[in-house]
Each structure stands twice: as structure tokens, then as C-alpha cells.
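Colleague: What follows is each chain in one-letter form.
Number of protein chains: 2
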Amino acid sequence: MKQTKISEAVVRRLPVYLQVLNEMVNREIQTISSQDLGNKLDLNPAQIRKDLAYFGEFGRKGVGYDVVYLIEKIRQILKVDQTIKVALVGAGNLGHALCNYNKYSKDNMQITAVFDDHPSKIGTSINNLTVLPMSELVATVAEQKIRIGIITVPAIEAQNVANQFVEAGVEGILNFAPAILRVPDEVRIQNADFTRELLSIAYYLVREGESQDESDLD
Amino acid sequence: MKQTKISEAVVRRLPVYLQVLNEMVNREIQTISSQDLGNKLDLNPAQIRKDLAYFGEFGRKGVGYDVVYLIEKIRQILKVDQTIKVALVGAGNLGHALCNYNKYSKDNMQITAVFDDHPSKIGTSINNLTVLPMSELVATVAEQKIRIGIITVPAIEAQNVANQFVEAGVEGILNFAPAILRVPDEVRIQNADFTRELLSIAYYLVREGESQDESDLD
DNA sequence: TAGATTGTTAATCGATTAACAATC
DNA sequence: TAGATTGTTAATCGATTAACAATC
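For the record, the sequence lines run as chains A and B. What the first sequence shows, in the working numbering, is residues 27 to 244, in sequence order. What the second sequence shows, in the working numbering, is residues 27 to 244, in sequence order.
Just so you know, the hints here were simulated from the structure itself, not pulled from any lab data. Any given hint could turn out to be false.
To be verified - Derived DSS-like pairs: lysine-lysine, alpha-carbon spacing no greater than 25 angstroms straight-line:
| no. | chain 1 | residue 1 | chain 2 | residue 2 |
| --- | --- | --- | --- | --- |
| 1 | A | K66 | A | K132 |
| 2 | A | K147 | B | K129 |
| 3 | A | K147 | A | K171 |
| 4 | A | K129 | B | K147 |
Stated by the list, open to error - Some residues of chain B that are not near chain A, with every Cβ distance over 10 angstroms (derived):
| no. | residue |
| --- | --- |
| 5 | R53 |
| 6 | R75 |
| 7 | D143 |
| 8 | S151 |
| 9 | L155 |
| 10 | N186 |
| 11 | A194 |
Glycine included, each C-beta is placed from N, C-alpha and C at the ideal position.
Construct the complete structure from the given sequences, taking the supplied hints into account.
Modeller: And the structure:
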């Protein structure tokens with residue numbers, strides 16, 4: 027149990043490794059080196075080796091990493107070797123999209139309950155799940171042992187939903203609303219607000235009338 | 027034009043500042059200090075001052091930052107003081123969701139064209155936009171001076187769509203598909219794949235049977 | 001003036017990369 | 001054995017934070 031404190035940067039790379047490795051399996055590639063992985067992802071091979079080495083010795087010197095074995099190990103690290111249940115609040119288009127994505131995903135993360143407080147939504151069905159009113163959130167989370175909450179409601183309602191998730195005892199929240207949410211330190215919050223993403227892409231646009239290649243060497 | 031190389035970390039914080047500042051405007055707050063901003067966002071005030079100082083002197087000593095003025099400046103930095111046109115490929119639920127979000131957003135980023143190659147989608151209407159076939163992508167991007175592309179198609183089709191966006195000459199791509207895309211260096215690519223986000227949240231879950239508080243002090 | 005807060009330099013901290021012995 | 005590639009230590013690089021003079 028050498029548990030050095032693992033940085034967030036490392037944790038965010040693990041799912042990316044998993045993605046590439048899953049592609050490898052599909053193409054029936056059995057072994058991959060940090061070099062190959064690095065090429066695919068534009069990452070330094072030493073970084074990849076170091077990332078993995080935080081958690082154990084998964085490779086073989088002179089050979090590389092066994093793809094299937096490494097997938098198994100990364101799944102363990104990310105704790106998705108077990109099924110993780112997820113609740114979603116907000117049965118709009120985005121909520122629908124996530125439920126569908128989820129259906130086809132082979133990770134062990136399952137959206138098992140959907141909530142919405144709009145009368146027009148309650149009782150409708152998404153992907154075999156009946157949309158429940160918010161009043162049932164706390165009980166359902168407890169019953170089903172749901173551990174993560176997803177927020178896909180308008181910004182103005184997001185903090186309120188977050189509060190209810192916290193009350194219900196989820197350990198993490200994935201927030202799609204463009205709002206800054208306050209939750210206790212022990213609850214992990216992650217923002218997936220696409221307006222932020224778009225704005226940061228805009229930064230890299232070239233302003234009209236400016237030359238593209240000013241000392242842009244690296 | 028002091029153009030030190032600005033790090034990606036800085037760029038990704040700017041939209042967050044903008045979000046808080048917009049909230050301030052709504053609450054008719056006129057001035058904000060780096061201290062206040064830092065409290066709201068759990069960031070070090072020195073970091074915020076430094077981030078802003080890369081781009082100019084926007085504050086007043088002893089006073090703080092004028093909210094409206096700072097918004098204007100950050101918009102300029104992010105190049106959203108002008109309207110930035112965006113194209114979206116993939117008229118599914120996620121595509122719908124993004125178009126709707128967009129409608130209500132007050133940033134100057136506008137989805138002005140939607141594409142999809144499924145016969146059942148072509149010709150339908152999303153948010154006043156008619157869904158066009160992929161064959162019209164290149165011409166439409168040129169005509170409308172579209173600069174950013176959003177990909178909301180299944181993973182397997184994503185690289186193909188990316189290629190077409192690149193051919194059409196977009197400067198940036200926001201990819202929602204769980205796939206690793208290859209594009210030329212001059213095109214900015216940003217991944218917004220929610221499965222990655224979910225997996226990295228899972229890392230922070232507490233494994234059943236493990237105590238939560240093992241040297242978790244900081 | 002006294003108090004507050006910026007912009008910026010210097011110090012610290014942490015993450016990435018290079019290098020290489022171990023070994024398959 | 002020779003070639004390849006890991007795991008890991010040391011070196012480098014870059015980002016965050018502390019501190020403080022300038023000044024509103």
C-alpha cells in the first residue's frame with residue numbers, strides 16, 4: 027500500500043488509457059508498449075509508465091503491457107471492476123442523451139434512476155426507467171445504493187439538486203449545468219459544462235487580421 | 027504585446043471567472059476582489075491576479091476589479107467579443123441539447139448549422155435550423171464562416187466527421203464522442219466525452235470495506 | 001491618513017521528462 | 001546473446017503560492 031498522493035492529472039489520464047486499450051482489444055492486439063500508447067495519445071512514454079507505476083507493476087520489461095491485463099488493472103484502480111450505480115436529475119434532451127450513451131457503454135457505470143420535477147416528465151419513461159419526482163430521490167439513492175449523481179437541469183436549479191444529492195449521500199456529482207456549485211469537501215464534484223469548453227476553444231482561434239505564426243514554435 | 031506563452035490551465039480558468047462575474051452582474055455587484063473570487067472558486071487569489079495580469083492591468087489597487095469591465099476584457103481575451111459561429115454534426119439527443127442550451131446562452135457563440143447523414147434526420151428542424159446532409163458541410167462552413175465544429179455522433183463515426191471538419195477548415199473541434207481523434211496540429215481539439223468524466227469520478231469513490239479517512243489530511 | 005488590494009517578483013511546490021539499470 | 005522495454009531515480013521544467021512595494 028504505497029499510496030503516494032495521486033495527482034488529479036494522473037487520474038484524468040487513466041480513462042483515456044482505458045479508451046485506447048479497449049480499441050486495442052477490438053483490434054485483437056495483445057501487447058502494447060508505453061511508446062505505442064504515447065504515440066497514439068501524444069503523451070510522453072515515461073509519463074505513461076510513471077502513471078501506471080503508481081499503482082503497481084503491470085508491464086513486462088522488454089515486452090510491454092498485456093492489453094487485457096492492463097484494462098483489468100485500470101478498471102480496478104478506477105473502481106469500475108464493480109458496478110457503480112448512478113442517478114440522473116433532469117429528463118431533458120441531455121438527460122436522454124446520457125441515458126442512451128450509457129446503454130451501449132461497456133463500463134460498469136449504470137444510470138439506474140432518473141428524476142425530474144416537471145409534471146410533464148414525471149412518469150414518462152427513458153430507456154426503461156420511469157422518471158421519478160424529486161421527492162423520491164433520497165429514498166431511491168439509499169435503496170439502490172446509488173453513489174454518483176448527474177445533474178442535467180438548468181443552471182438556476184442546479185445548486186438545489188446538488189444539495190439533494192448531498193443529502194442523499196452520493197459520493198460524487200457530475201454537473202452539466204453552467205453553474206458553480208457548492209458541496210461539502212467529501213463529495214467529489216466534476217463540471218462538464220460545455221459552454222466552458224467552447225469558450226476555451228475560442229481562445230485558440232486566430233483573431234481576424236492577425237498572422238497565425240507569431241513565434242508559434244514548439 | 028507581452029505574449030508570454032499562456033498555459034492551458036490559465037485558459038481553462040478564464041471561462042470560470044466569466045461565469046462567476048456574470049452571476050455578479052445579475053446580483054448587481056459592481057466590484058470584486060481576487061480574494062472574493064478566490065473564495066467562490068476555491069482558488070488562490072494570487073493565482074487569479076496572476077492569470078488576469080498575463081493579459082493586462084484590469085484591476086484597481088485598493089479597490090478590486092470592476093465586474094462589467096472585467097467581463098468585457100475576458101470576453102476579448104477569449105475572442106467572444108465577436109460572434110463565433112459553430113457547426114454541429116449529429117442531430118441526436120445530445121445535438122438537440124446543445125442547440126437548446128445555446129439558444130439561451132448569452133455568450134457570442136452560435137450554432138448556426140446542423141448536419142447529419144441519416145435520412146430520417148435530414149430536412150428535420152432543430153431550433154429553427156434545418157438539418158443538412160454531410161455533403162453540404164464544407165460549402166456551408168465556408169459560406170457562413172463557421173470556425174468551430176462540434177461532434178455528437180457515435181464513436182465509430184467521429185474520426186470521419188473530424189476529417190471533414192478539418193477539410194472544411196474549422197479552427198477548433200469539440201468532441202463529445204468517446205473516441206481519440208487525430209487532427210492536424212493547427213486544429214485545436216477538445217474532448218468532452220462524459221464517460222471519461224464519470225470514470226475519473228469513480229476513482230474517488232471509497233471502495234467498500236475501506237475506511238474513508240486514511241491520512242486524508244490536507 | 002489608514003486600510004485594502006492590485007501587479008509582480010521570488011520562493012516553493014509539483015508534474016513532466018530524461019536517463020539508465022534491471023530484465024524479459 | 002542482442003534488442004526492447006519496463007520501473008524508477010534524478011534533472012528539468014512549469015505552475016502555484018507567498019510576499020510586498022505601489023497605490024487607490
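Colleague: Each hint should be assessed against the structure and marked as holding or not.
Modeller: Verification of the hints:
1. A:K66 - A:K132: Holds: A:K66 and A:K132 sit about 22 angstroms apart, inside 25 angstroms.
2. A:K147 - B:K129: holds, 22 angstroms
3. A:K147 - A:K171: holds, 24 angstroms
4. A:K129 - B:K147: holds, 22 angstroms
5. R53: Consistent with the label, B:R53 stays out of reach of chain A, its closest Cβ about 13 angstroms off (over 10 angstroms).
6. R75: holds, 19 angstroms
7. D143: For B:D143, whose nearest Cβ neighbour in chain A is about 18 angstroms away, the distance exceeds 10 angstroms, so it holds.
8. S151: Holds: least Cβ distance 15 angstroms, greater than 10 angstroms.
9. L155: holds, 15 angstroms
10. N186: holds, 15 angstroms
11. A194: holds, 15 angstroms
Checked against the numbered hints listed earlier, the structure breaks none of them; every hint is satisfied.
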